[in-house]
Each structure stands twice: as structure tokens, then as C-alpha cells.
Amino acid sequence: MTRIGWIYFLLLLAALAITGQVIYIQVVQGDALRREAEQISQRSMILPATRGDILADDGRALASSVPRFNLAIDPNSKGMKPDSLFWNNIEPLSAGLARLFGDHTAAYYSRIIRQARKAGKKYLILKRNISFEESEKVRQLPLFNLGKYKGGLILERVTSRERPYDLLASRTIGYLNKGSSGTVVGLEGAYDHELKGREGLRYEHRIGGGQWIPVSLDNAIEPVDGKDVVSTINIKFQDVAEQALYELLQSHQADHGCAVLMKVATGEVLAIANLGRTSDGNYHENFNYAIGERVEPGSTFKLPAIMAALEDEYVTLDDTVNTFHGAFKFYDRYVYDSHKGGFGVLTVRQVIEKSSNIGMARLIDRCYHNNPQHFIDRLYAMGIDKPLNLDILGDPPPRIKKPGDPDWWGTTLPWMAHGYELELTPMQILTFYNAIANNGKMVKPRFVKGLRDHSLMVRTTKTEVIKNSICSRSTLKLARELLEGVVERGTASNLRPKYYKIAGKTGTAVIARNDRGYVDDAGNKAYRASFVGYFPADHPMFSCIVVISRPNMREYYGNKVAGSVFQTIADKVYATELALHPQLTVPDVLPAGQRLPVVRPGVWNEVSPLLHDLNFKVSGNITSAFSVTALPQGSGYRLEPVGTAPAQLPDLRGFGLKDALPVLENLGLKVKINGYGFITAQTPAAGTPVRGLHQIQLELSVNEEYKATVIPAAGS
Amino acid sequence: MMLTGKNTLVRIDWLTVILFVLLTGFGWLNLFSATYDEGLPVSLFSFASRYSKQFYYILAALVIAFLVMITDGKVWGAFAYLVYGLTVGLSILVLFIGREINGARSWIILGPVSFQPAEFMKAGMALLLAKLLSRFDFKIHRLHNLFLILLFTGLPMVLVFFQNDTGTMLVFLALILVLFREGLSGYVLIFGGIAAALFFLTLVFPLSVFLPVITIIALLLTWLYQHNFKYFLWGVISFSLLFGTVFLVNRMTSSGWSYSRVFFVASLSAFFLWAILIYRYRLNSLYLFLFAWIGATLLIFSVDMVFHDLLEPHQQARISQLLGLVHDPLGTGYNLNQSKIAIGSGGFFGKGFLRGTQTRFNFVPEQSTDFIFSTVGEEWGFLGSLLVIGSFSGLLIRLIFLAERQRSVFSRVFGYSVVSILFFHFAVNIGMVIGLVPVIGIPLPFFSYGGSSLLTFTLLLFIMLRLDTSRYEVIN
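Same order as they appear, the protein sequences are chains A and B.
Those letters in the first sequence? Residues 1 to 716, by my numbering.
Those letters in the second sequence? Residues 1 to 476, by my numbering.
A hint or two may mislead.
Some residues of chain B that are not near chain A, with every Cβ distance over 12 Å (derived) [said to hold, decoys possible]: (1) L220; (2) I278; (3) R471.
For the chain A half of the interface with chain B, some residues (derived, Cβ under 8 Å), not all of them [stated by the list, open to error]: (4) R3; (5) G5; (6) A15; (7) Q26; (8) L33; (9) R34; (10) A37.
Derived by calculation from the structure, the hints in this document are not laboratory data.
Beta carbons are placed, not taken as given, at the ideal position from N, Cα and C, and that holds for glycine.
Okay, chain A solo, but in the shape it has when bound (with noise of 0.2 Å):
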């Protein structure tokens, strides 16, 4: 072969090989690699679902989604030119921070700003968590309203979990990703399935400029919203409840309490305060003591003790038993009763009312000595051994002794007659004496009403009865009879409101001290006062459970501080509750010279048809859509339409947002508000020509200044 013909087979070599690779790449690779070309530029993105809000009984918010932000900065932001834009903003800048936070000085802004630029970093967060009206005023502020690429402004959206109850029964709503153990409490987290909704799903492809847009333009899977957790909660007795609460543990300085109020019929929880000492000295909702913390029940548990006696006719409540001087022995150890000297001689009725330990530990040894199984079987047929299975976590189930266990004692059966030996939590307690209020019939205390889905109710939760009847009819009658008794001759006789009757049993139990005695190294008893019981007394409605445990030694017996809450409880809801109130008869027309009901300015299509709607006689010729003032005139009232013209801005003192808004927003003006409430001021002021203007401020207030200008009714 010549030279040539070499040369011309290197040439022949090397274009075979190039497209031998360029057959093998495209052909043999070639399926593989296009599908890793289609992930380069393709993505799936996750589409957060809303998580779901839980509201209190009336549908107001316990616990909401809101989305906040965190404001960062990029001190080196490459848009950031020349140097003297940054050095001319940084001082009015931190001065704007330092004034729109208040948390620290300008310099303080200035001077971690200006470190982070000089180490070069890309990023500096200043402050988490800031509304979204901050964010729009952290907008206006100098070098950040150059924005992301000159201004070095970082906002980014994060969803906070707020309450804006704050503390209201936080522990029973629960937290959201709180504490180490990951654990979520309360009805958050026994919620967290229905609330957390479902993430959706939408492929993007890629566009020139590293830009994402969706391939189609429905999602693959569109997300959805969690439901509304709505509450048993009620915001106004929960509020009393935690206030009667906080101020008594305050005044007594005890350790921590809890107070449940609860619907007799339905288990519905309507208020359930639990607060603790923090070692600040404070109180605070750290444990759900309700549902979590089983203890000795002492006192309270007397009832369910001789109802066993009732139902088995051991024992009338006219049968007598000697109390002696206030001491009695069994076996080796002293059963006390707190009354100097001893009651001596005490029907059953009087055991009860006066809540006498020795008078209860005598009976039931009497009635149970050499049975004692039989008297564990009728309290367990009472179904007071019935663990309650809450939604919300931490419940404990009932601790009842019988007879073989490693620690029955022989003065086990003596000293659970009088409520120690066992442990119940506060909710069990309640459960039991709801049943009682509830004619025998044991429900399920609940806090979920339903779940809601954009404010339609999707799930209703039923009440669950635990056990249908827990006794016969009669020893039920003679049960609250003892309760009423209690109230009206025995221990809790101050708790004697005037409008209603409660039935209820004090307890005074002495705190274990974790199976060393009831007594400390200094020779002193701690306490457990506590009040149980449900009101109006003759027709069920309410029940309700106070425990104070470790108020301090002035006073501690249950009728008075457990009870002062109670009452202040049972009078709040008495107050409040119109289903416990004969109706009223109201007249349909109003007499002459009566007050009329004071008409806000609003939209003439919703205002007039309105007082049409509740017969009152309307004039004014009206018959636009804009919106009026509804003046008094005689009986009936008079529309105007508000502003002189459309051609200039109405006055809208008075409005409500709801209504201004789209009156303002038709004339094509942009609406800054600031405060919440009624319409107090506005800038530029009524009679301004509408023409030219592109914004309005609103100033609302909910002030009572504004409320007592309202137009007076007609004859007064």
C-alpha cells in the first residue's frame, strides 16, 4: 500500500470509529440515555396540603395554619453595585429594622450586617417568623425595596402553627413537632391524620433561564386540605375555668390543679384547665393532669363505695355506724377522721355528708369483710374499672386492687372504702359521677365534635356509652341524694348558689409520697383537695371535676379550695346557658318611645332587606346598590346613601371591612388597613373626589368612643 493509501485508511479508521461510537451512544445507550435526559428536565414538585385548623365548639379557631416568614439578608447579593449602595443604606436600614422589631438597636442591626458582608456571606437571617404585614413594611424599607438581586432581601414563607387563644387548653390542643421524643400531644396529635391532609403531586418541566413550569395544567395529584378539628372546647367556659383555676392555685400557692367541665348527656368536654408551677413561679398548662395523672381519689371515691353497699342491701342510709373519737385501728394502722373529738354515732347518710373516713372504712369491712372479692366485683360492675380510651394520649387506665394481688393487705378493703389503695385519673373520677348525673347511663368523655371540610360538617362523632346502667334505678336515687345531701347539710354546704342547686362530694385525700408513708421527713401532709359533681342538681346538665393538689397548709380542705372553683365554674355556665332558662315571652312589636336596634351603615342590597326581613317600616328612595346609613324615623327607619356622590369618597366611619371593601374597591382604590374592628378614620376624607385617587387608608378600631356615636333610637 502507498503512503497515500495509508493516509487515507488513518482517515477511513478514524470516521468509522466516530460513527461506530456515535451508532453505539444513539442506538444501543440511546433509550437509557433519554430517559435521564427527561429526569434532567423534568421534576415532580410536592404540593403542601393546608393543615387543617382545630376550632372551639362555635367554630372559632383553637389552633390555625398562618403563613409567616423569616427575613434574611444577602449582604453580598451580587446586584448589590456599586459598594456605596450599601454603605448609604445600611445605617437607615438597621435604624427601619431596630423600629419596625423593636427587639434590637440600629447599631446592633448594622453592626451584624456589616460582619456578615465582610466575611462574605450569602446569607444572614435577621428575623423569623415576622407577619405578613411585616413582611410588606420590611418591603418599604431603604436598600430592601431594591428588592432580591440589588437589595440583598430574602423573605422566605414558612406556615406557623398559631394559637390564638395562646394558652387556652394548649395542652389539651396540643403542639405541633414539640419536645425531643417527637411525640405530638394532645388533639393535634391524636388528630394529626385528618389534619395533615394529603400532599399533592404536579410534574414541572424545565425552561430556558433555570424557570420551572407545570407540564399540563392540572396536577397529578392535586393536594388535599386537611379537615377542621372541631372542638367540644368552648372558649368562654374554658376561659373562666383556666382563670378560677390560675387564681386559686395563685392565691394557695398549690403545685398545680386541673378543673374538666363536661356535658352530662353527650360526654361533650367543654372546658378542661390544667396548670402546673414552672419553676419561674408561674403557672402553666405543662401536664394534662385531667387525663393523665392517677392518684389516690381519697374522699370522692366514698360514693361509688357505699353505692356498692346500696346495690348489694347490705346497708340502708339509715343504718348506723359508730365513729368513735376520730381514730380507729385495723390491723396495725389508725384510720383518722379530720373532726376534733370524732363524730360518733352516724347514720350512712350522715358517713357521707360529713365524709367520714372511719364511719366508710367500717361499713365496707363490715358489709365485705369476708368477701372482699365481692365488693372489687360490684365496683368493677359499676364500671368504674373501665379504662376510657380517650383520643388524647397519656390516659392511663383505672387502678383497682383485688383480692390475690402481691399487695392486698388485710386493711387494703378499709382503706379503698375510703378512696385510697387505687388510683383513677380526675377524667375517670368525673366519668363515674357524670354517669350518676346522667341516670345511670356511663358515656365517653369526648372532645371532638366533628370534623369539618371547609366549613362543612364531613364527620360527626357520636357519644359512646361505656356502660349503659352502672346500678339499679333506686341505689342511682339514693346516690344523688347523697350528692344533694353533701351540698345542702355535709361538707360542701357553702357550696349553696342561689339560683340553682349543685350535688357533688368534697375529697381531702393525703398525697403518697411514692410508697413511703403520707408523711415527709418534717413530719408534714401534703394535700389533695378536689370537688366533683353536676349541677342544675335536679335536672342534670353539666358535671364537673376541680383537683388542687399541694395548696398550702392554711387551707386545703376540697369543699373550700376545689369547691370556690367549681362554683365559679357552675355559676358562669348557669349564667350563660339559655337551655337552662325558662324562655322569655318578647313582645313582637315594640312599644312606642322603645330604643330601636341600632343599624351599622352597610350595603343597601344586604341593609334593606334586612329590616324588610324583621318588619320594620323602611323609606328612602334607594335603588342603588351603594350603601346607606339607616336612620330612625318613627317606628321604622329612613335609608340614605352614604357620601354625597359616587363621584367622591363616602364616609365610611362605621363600616365594617366587609362592607366597605367592595364599595372602595369598585371605585377602583387600592385599600391599606391597618387595625381591626370599625371603620374610625380614613385618609383621604369623605367628600374627596373619587377621580385620581389610586389608595385609601383605613384606620378600624374597635373603640368605644365610635359606639356611642351611633345615631340615637327615635323618642329618646
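Put chain B on the given structure of chain A with help from the hints.
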């Protein structure tokens, strides 16, 4: 004699011109796709984007082509040394006033104009080689001629080496093809090829396997070539004995030599032993094998040194990548991997103009320059790739044909220089884009973005065409 324009047009080799226009035009389309930004459309005449700039470069190239065609062909022979000197001078200058871009200090920037002298030096080199080899009574194997060639080609290579532009340095090596055509011994090419093959094989295979294999191959070749089994047998026995001895001595003295060092010492001992025997018994025909074998062994031992001490880390990485010694698709291999994805996803017909996702979203780094072929593969598929490969091959074959029909050595040597340079660029550039050769930063002629490269190739091509049109008039 000055040719009239009319004659030039008649005699010009239109096939080459058509291929040139085809490649340049298709090249620009691909460059447009690789650099066009939907969000930021730039007018073709605005000088604000690469495709519009390249548009101007193409216009400039056409002007230069025209100027070359109307100039007397003899100019190039007359001014060959001057042009060479000028381009070399610029290359020296760039070392002092050059700007460093992408690690290569090879740019001269004069106001709005920036260019790479190394590119133009290719043209200077081609002219010089043509001039040198066409000297009267030039014999390539004369020592002083070889020395001159080495000197004149070595200088540009040293210069680009100092500009840190290894790719262009290797381009000059391609001129060995010209020398081969002009009579350089084929052994130079063969040994060069074997050395290169050994280099890569050494990197792939462990020495412990490779060294014995080479030795056995050498011995086997001796046997086959000499038809004498005795030599083979004695060779194996003597080598084994020597190796065993060195091995045992190493063991007993606990010198701790590595296996390869033991083998090396054994090989050197064998070499001297065999050299003495061959000399003693006058087996002159065996010298070739002996030296080839010891040369290969020495080369193998030097590979490690060359690879680790002479090559830059990124060059080592690219070679390791090619040989499959490392797999790092997100690091060193990123560029090649993205390029392969682009080409592979193109399939047979391609995704269509402006429809290549890899191209449009800038996944392939340096796509508008060295990796422009990946755009061809992605958007025009196998058909487009075949068109490019075919056009280049056609152009090269046509140029060889043109070179061969020249009557003057100057024109022929120049033609072959153009062929060599173009061939190297074509084969190595596309080879690296598809993963056949290590990544070496050289552009694809007429395709890659860049004025210097386009103008140089246009210049080379049209000087050749100009020489061709006047092939009957020039005899020197």
C-alpha cells in the same frame, strides 16, 4: 502572474467551497441553538450574543476567503517565513500581555477585539513546513533537515505549552502525517502508535500482569520471526532464572523491593545478558526485538512518572475517565456524561432544531465551543451526525486529492498540512465529545464558537484553494 477574477472563479474547486459553506452554515445553526435564549432574544446584528457574534465572524471569514482568492498565489510561498515569524512573535507576545481564559493564557485583547495567536500559528506552521520541505534538493532523512523540522515545529509547541494550551500543542504533532507523506519512515508512526498504545494499556492493566505479557510477546515474536524455538526456550529459561535469583536475593536481604522493581532489575540483567549473547554469536537480526522489548519495558516504567509528574491533575482525571478507571459523572465526567446524554437522546432523527432539552437548558458546559457536536447529535440525531462526519471526511478526502494533484512540493505539503490539522481537530474533537479520546480542549472546525479558529481554518482552506487554482503556473 496575477490571475484574473474570472479565471479564479472558473478554476476554483467548487466541491470544497460547497463543503465549506455547508459545514459553516450548519455549524452556525447549531451554535444558534446552543446559545439562543428564548427569554432574551438578541438581534442577529447586535453583537450581544454568541450566535450574532459568530455571524459577523462568518462574514469576516468570507471576506478573508475572497481576499485570498484575488491575491496572487505566490505570495504565500514568498512570505511563508514572514508569516511564520509573525505568528510565532504574537505567540511569544501573548506570554507577556496575554489574558488568561479558562486556564489558558492564550488571549490577546486589543480593545473590542480578542484573538488567540496559537490558532493563527497553525497557518504559519503550515506555510513554513511547506516552504521548508519544498526547498531544492530536500531529503527528509538528512539529519540537519530533521533537526530543522524539529526546531521549527518544536518552537510553536513549546510556546503553546507555556500558554497552557495542551490541546493546540498536540495539533502540531499531527503534522507528522505530512512528514510521513513526504517520506518519513513509517516506523516513526508505528512506534509512536505502539508507544501511545502502551501508555494507555499500562494505565489500565496492572504492571504485574503487563510486564510478563510484554516480555513473553517479545520472545514469541522472536520465535515466530526466526522460526527458531531454541531462542524462545532459552529466553524463557534465562529470564525465569534471573527473575528467580533477584526475587530470592530481595527476599533474603529483606530489601523490601516491590514486585515491579524486582522485575525491572531482572529485565535489565536479561537485557545485558542477551545483548552480550547476541553480539557474541552475531545474531544481528535479533537486535530489533531486543531493543523494542527493552524500550517497551522502559516506557512502561516511565508511564507512571509521566502520568503523575508531567500531566496536570485535570488531564490525569480526563484520561482516567476515558479509560473507565474512575466513574465520576458529576465531577470530571460531568461534561462528557451530559454530552453523551445529549447525543444519545437525539436518536435517529434528532429532537429537531431548538428542541434539544440538553442544548436549550445548558446542561452541557462549553457546548457552544468544544462540545458543539453534542448539539448536532441531540437536535439532528444520527442523520445530522452522519452529515457532519460525512462532510468532514469528504472535505479531507477532497483535500488529499487536491494536494496530490499539485505540481509543486510547496502546494502539496501545504495541502497535507491543512489535511493533518483539520483531521486532528475533527477526529479528536468529535472523539472527545462522544468519549473516544480523553477530553482535549480543541474546537471543531467551522462549528465551534470563536473567531480565531474560524478565520484560521478559512485561511488554511482558501490558501489551499488559491494554490490549487494556479497549480499549472507554479513549479517551485
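These are the hints, each one checked on the structure:
1. L220: holds, 26 Å
2. I278: holds, 32 Å
3. R471: Non-interface label stands for B/R471: nearest chain A Cβ at 17 Å, farther than 12 Å.
4. R3: For A/R3, the interface hint holds, since the closest Cβ of chain B sits about 6 Å away, which is under 8 Å.
5. G5: violated, 11 Å
6. A15: This hint holds: A/A15 lies near chain B, its Cβ roughly 5 Å from the closest one there, short of 8 Å.
7. Q26: holds, 5 Å
8. L33: Because about 3 Å separates A/L33 from the closest Cβ in chain B, which is inside the 8 Å limit, the hint holds.
9. R34: Result: holds, 4 Å to nearest chain B Cβ.
10. A37: Since chain B brings a Cβ to about 4 Å from A/A37, closer than 8 Å, the hint holds.
The structure does not agree with numbered hint 5 stated previously, though it agrees with all others.
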